[in-house]
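Generate coordinates for the entire structure from the input sequences, incorporating the hints supplied.
Number of protein chains: 2
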Amino acid sequence: MNYTFSDKVNDMRPSAIREIFKSLANPEVISFAAGNPSALSFPVEKMKNIAEQIFLCRPTDALQYSVTEGYAPLIKQINERLKENFSIGNDYDETIITSGGQQGIDLTTKVLCNEGDTIICENPSFIGALNAFRSYNTNLVGVDVEDDGINLTLLESALKANKNVRFIYIIPTFQNPSGITTSLVKRKAVLSLAEKYNVLILEDNPYGELRFAGEELPTIKSMDTEGRVLYCSSFSKILSAGMRVGFLCGNRELIQKVVVVKQVNDVHTNIFFQMLASSFIDIYGLDEHIASIKELYKQKCGFMLSQMDEKFDKRIKYTRPEGGLFIWVTMPQGDTVELAKKAIDNKVAIVPGTTFCPVQGERSSSFRLNFSTPSDEQIVCGIDKLSKIINNFKG
Amino acid sequence: MNYTFSDKVNDMRPSAIREIFKSLANPEVISFAAGNPSALSFPVEKMKNIAEQIFLCRPTDALQYSVTEGYAPLIKQINERLKENFSIGNDYDETIITSGGQQGIDLTTKVLCNEGDTIICENPSFIGALNAFRSYNTNLVGVDVEDDGINLTLLESALKANKNVRFIYIIPTFQNPSGITTSLVKRKAVLSLAEKYNVLILEDNPYGELRFAGEELPTIKSMDTEGRVLYCSSFSKILSAGMRVGFLCGNRELIQKVVVVKQVNDVHTNIFFQMLASSFIDIYGLDEHIASIKELYKQKCGFMLSQMDEKFDKRIKYTRPEGGLFIWVTMPQGDTVELAKKAIDNKVAIVPGTTFCPVQGERSSSFRLNFSTPSDEQIVCGIDKLSKIINNFKG
Chain A
48 MNYTFSDKVN
58 DMRPSAIREI
68 FKSLANPEVI
78 SFAAGNPSAL
88 SFPVEKMKNI
98 AEQIFLCRPT
108 DALQYSVTEG
118 YAPLIKQINE
128 RLKENFSIGN
138 DYDETIITSG
148 GQQGIDLTTK
158 VLCNEGDTII
168 CENPSFIGAL
178 NAFRSYNTNL
188 VGVDVEDDGI
198 NLTLLESALK
208 ANKNVRFIYI
218 IPTFQNPSGI
228 TTSLVKRKAV
238 LSLAEKYNVL
248 ILEDNPYGEL
258 RFAGEELPTI
268 KSMDTEGRVL
278 YCSSFSKILS
288 AGMRVGFLCG
298 NRELIQKVVV
308 VKQVNDVHTN
318 IFFQMLASSF
328 IDIYGLDEHI
338 ASIKELYKQK
348 CGFMLSQMDE
358 KFDKRIKYTR
368 PEGGLFIWVT
378 MPQGDTVELA
388 KKAIDNKVAI
398 VPGTTFCPVQ
408 GERSSSFRLN
418 FSTPSDEQIV
428 CGIDKLSKII
438 NNFKG
Chain B
48 MNYTFSDKVN
58 DMRPSAIREI
68 FKSLANPEVI
78 SFAAGNPSAL
88 SFPVEKMKNI
98 AEQIFLCRPT
108 DALQYSVTEG
118 YAPLIKQINE
128 RLKENFSIGN
138 DYDETIITSG
148 GQQGIDLTTK
158 VLCNEGDTII
168 CENPSFIGAL
178 NAFRSYNTNL
188 VGVDVEDDGI
198 NLTLLESALK
208 ANKNVRFIYI
218 IPTFQNPSGI
228 TTSLVKRKAV
238 LSLAEKYNVL
248 ILEDNPYGEL
258 RFAGEELPTI
268 KSMDTEGRVL
278 YCSSFSKILS
288 AGMRVGFLCG
298 NRELIQKVVV
308 VKQVNDVHTN
318 IFFQMLASSF
328 IDIYGLDEHI
338 ASIKELYKQK
348 CGFMLSQMDE
358 KFDKRIKYTR
368 PEGGLFIWVT
378 MPQGDTVELA
388 KKAIDNKVAI
398 VPGTTFCPVQ
408 GERSSSFRLN
418 FSTPSDEQIV
428 CGIDKLSKII
438 NNFKG
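The listed protein sequences correspond, in order, to chains A and B. Residues in the first sequence are numbered from 48 upward in steps of one, following my numbering. Residues in the second sequence are numbered from 48 upward in steps of one, following my numbering.
To be clear, the hints were calculated from the coordinates, so they are not data collected in a lab. For every residue, glycine included, the Cβ atom is placed at its ideal position computed from N, Cα and C. Any given hint could be a false lead.
[As the list claims (entries may be wrong)] Straight-line distance between alpha carbons at most 27 angstroms, and here's what the computed DSS-like set of lysine-lysine pairs gives:
1) A:LYS123 x B:LYS69
2) B:LYS55 x A:LYS93
3) A:LYS388 x A:LYS341
4) A:LYS235 x A:LYS210
5) B:LYS69 x A:LYS210
[To be verified] Restraint ranges, calculated between C-beta atoms of paired labels, are given here:
6) A:LYS345 x B:ASN132: 21 to 27 angstroms
7) A:TYR244 x B:GLU273: 47 to 53 angstroms
8) A:THR51 x B:GLN100: 42 to 48 angstroms
Rendered as structure tokens:
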């Protein structure tokens, strides 16, 4: 029979770069395309011991239905960490555990946006967020990102020009895909503009704990006194991505609506791993573990940049991130979709910039490289192969 | 600041019976209000051993990002079980792993329904599904359930009277909340009516494996040759509810759209527990374990009914379910919201029928009792207390 779909999802298709991701199953392919944390970053032995204890001591709590809001001790630990490390937490704030950071983005959109409402986001931005916004048939307006973050003039123009702007979506720290960090001046300015035009901000900070160079900057949420900023993050990059445990923090009134909507979405997040994360923090703390991840990524990023410095043509520009997982490479000219195809023919996977454009199909002369997952050997070989393709690429 | 919400979620509120559920935290309260599987039904030791093996042998696969479709070996096992036990599986069918059965219902609604579209469901029906439908601002039309399932005359009237009916939502086996099983004649008739009016069916079968009396009946999906039926279920009632692993099976074209929408919802379901469920099936199989759950529930249901037979006034009617988790009690008159309040004052929790009405706030002279979670002692004491309240209730 013939099927018809809802307007909001009708135009949604599997990713245009699906072929690239399919090719990753081929072990000969060197992948710089992932957004995965390093497998070396998983504290397997510690998690194994905690899991055993949970099965021994509290199996019923860990296997039975639980509350939608999330595991109370974990919420308390998250709130303490948000307070200590990010100065986040007003009296009116509440935190809900989500099934990964992604669910926080999805539910926020569902709670705030009617079809046709506008969301302003960085251009480029995180594909998972852009597609979540699209799945509610919202109007996406991208604002270009500069070396120190979003272009403020264009942001104000976008706020002026668009009706029904519901929120600004921003990843201020080690942005995906660009690796760029928004400066303090721009963080303040974005909040001021949100106040001036009375829109909310969804601040996404999955990489905020992964700074391996430079100075910490305050989160936008920490400067918010009105409850204008929703803040989402997750344990995906600091403990385990596969367990799908994230969180969303914001004004109680907003979070309580998110709770109602999460309840009909998946009832609650896997409770066993909420308890596991909580015990991990309780027994081992996160600081030492995160320090080891930062050291690993510092080395990997530095090593990859050194290979790129050596091999890439000087007309090719790229970011030098102070944390996170990504380097953003910009060609002098041309569309990188073709370049990504050539790369995959040579068994190197990269993600072309068009993937991250709020306007679908927009050309981009940039592409994203991930440094957290490939081995040093793969970095040497992959950057060498890639340099031969891009140094000769005419676009 | 003041917040405005999307039209679709604006009217959604925390459950009206929240106070009842809050009271469950009080250990003095005997709860017949849950929808939980018995804690005795969790195969803790076996799950513990498998978890240990996963941490030992495949930690990276279990902690890293995974594919949205779900863990391939588990999908294969589910499809084999659906084929063997439920005669489900056409060439065009595919199965996606969902974060509990609830997510299958939510994503199906998102994929198929625009705001204002109509969903026809049983009256009463599962509150989690009704609220998922409401969260997309759909028009809910309830059709009364009789002893042998949905009233066919009213179903056809509803199909005739409503424009844009997208699907019929039905729980044909051990329905929640009524415990009623739709007869074979009515299953065939529902499918015929769906064909006649060209609407889809979402068949929800979370309790289908839990028959402890009577004869198995074919699923509606097994009679479908056109790809008209989507079928959702989960491991919540047969392995663990807290792990949030369910599945949705239907025509490839529908499932592939669901995959795209799930990707932006939570990327994928907790992969560790998908692998754990798969290993459980591989090593131990599900049949022996499910047989023990059925034996347990048969005893519990029988024991509760015997207490009710002894203590309840003869004018009070109730279902005698052949499986599942629930008994549905109908008073000669009156609204059971008051009755539930009186019960909770006497430290017994039940769920009043209005909770399960597709039309919100509709009065109901029925209420739901759960027999899977209370102990035998609690059943004796709780039914005794409850009988004193309901035998004297004037409504």
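**Request:** Starting from the hint list further up, note which numbers the structure goes against and sort them upward.
**Result:** 2, 3, 5, 6
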